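Let the hints inform the model, and build the full structure from the sequences given.
Plus 699 on top of the position in the sequence shown (first one is 1) and you've got the working numbering.
Derived by calculation from the structure, the hints in this document are not laboratory data. A couple of the hints might just be wrong.
As the list claims (entries may be wrong) - Quick list of in silico lysine to aspartate or glutamate cross-link-like pairs, EDC-like style, CA-CA up to 20 angstroms: (1) Lys782 x Asp797; (2) Lys773 x Asp762; (3) Lys744 x Asp771; (4) Lys744 x Glu734; (5) Lys773 x Asp808.
Said to hold, decoys possible - Distance ranges between label pairs, derived from CB positions: (6) Arg827 x Asn777: 36 to 46 angstroms; (7) Ser780 x Pro758: 38 to 48 angstroms; (8) Glu749 x Thr724: 17 to 27 angstroms; (9) Gly828 x Gly740: 15 to 25 angstroms; (10) Gly760 x Asp797: 20 to 30 angstroms.
Please read these numbers as outputs of a predicted model, since none were measured by experiment. Here a beta-carbon is modelled for each residue, glycine too, at the ideal position from N, C-alpha and C.
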Amino acid sequence: MVLVVALIIVLAVQPWKKSGGGVQTFELDRAITVEVRTPSGWTAKEMSAEGASAVLILPAGDDRGYDEINTDFKSLRNGRSGKPIHAVVINAGSCSSDAASSWDIGDVDKGTVGEATRLGRRAVWNVRGSDCARMISTDMDSGRPASTASELLVSLAGSGAVVPRHDGTRPSIRPSS
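Okay, here's the thing in structure tokens:
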């Protein structure tokens, strides 16, 4: 009886769920479906970039779309004023069939893009054959950008908060601890 009561309490409270964003499902190209558990302080939305389906993750309150971010990118690069960029994009593409079948996270790439400084990071997951899900982070500003999106990418990949699958099978995100 005590076990049943404890189980009911645990199921009602659901301590494994984080406060903040819920789980959203997105359809990418190459028949890849991705589920994203968006952390507090961030929002995820569908976008189309150059004809490809993608997911754009931005800080909460940043309602820019791809075109506006691209405009700010060009402005910052050319030394004009533009809103700093902290974004993670999830998309699908081809990769080596030898790529890892879990998130393989690259190092931070720091560089100058025209008049701006950019921090970037990539992660790749071979979903099937040469069809891969990719996460790309960009932190860019005219000064020294914070590594906000780069750190988010590591957190998303490391915690199982972004899970891709092929052929429309439903991903299953592990409960948060």
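Going through the hints against the structure:
For the proposed pair Lys782 and Asp797, the alpha carbon gap of about 38 angstroms is over 20 angstroms, so the pair is violated. Distance hint between Lys773 and Asp762 is fulfilled; the C-alpha atoms sit about 18 angstroms from each other, no more than 20 angstroms. Proposed proximity of Lys744 and Asp771 is supported: the alpha carbons are some 19 angstroms apart, at most 20 angstroms. Pair hint Lys744 plus Glu734 holds up; C-alpha atoms about 12 angstroms apart against a cutoff of 20 angstroms.
Taking the CA atoms of Lys773 and Asp808, the gap is near 19 angstroms; set against the 20 angstroms cutoff, the hint holds. Separation of Arg827 from Asn777 is about 41 angstroms and conforms to the stated range, judged on CB atoms against 36 to 46 angstroms. For Ser780 and Pro758, the hinted distance range of 38 to 48 angstroms is not satisfied, since their beta carbons lie about 19 angstroms from each other. In this structure the supplied range 17 to 27 angstroms holds for Glu749 paired with Thr724, their Cβ-Cβ distance being about 23 angstroms.
With their beta carbons about 36 angstroms apart, Gly828 and Gly740 fall outside the hinted range of 15 to 25 angstroms. Judged by the Cβ atoms, the range 20 to 30 angstroms given for Gly760 and Asp797 is violated: they are separated by roughly 40 angstroms.
Hints 1, 7, 9, 10 from the earlier list are contradicted by this structure; the remaining hints agree with it.
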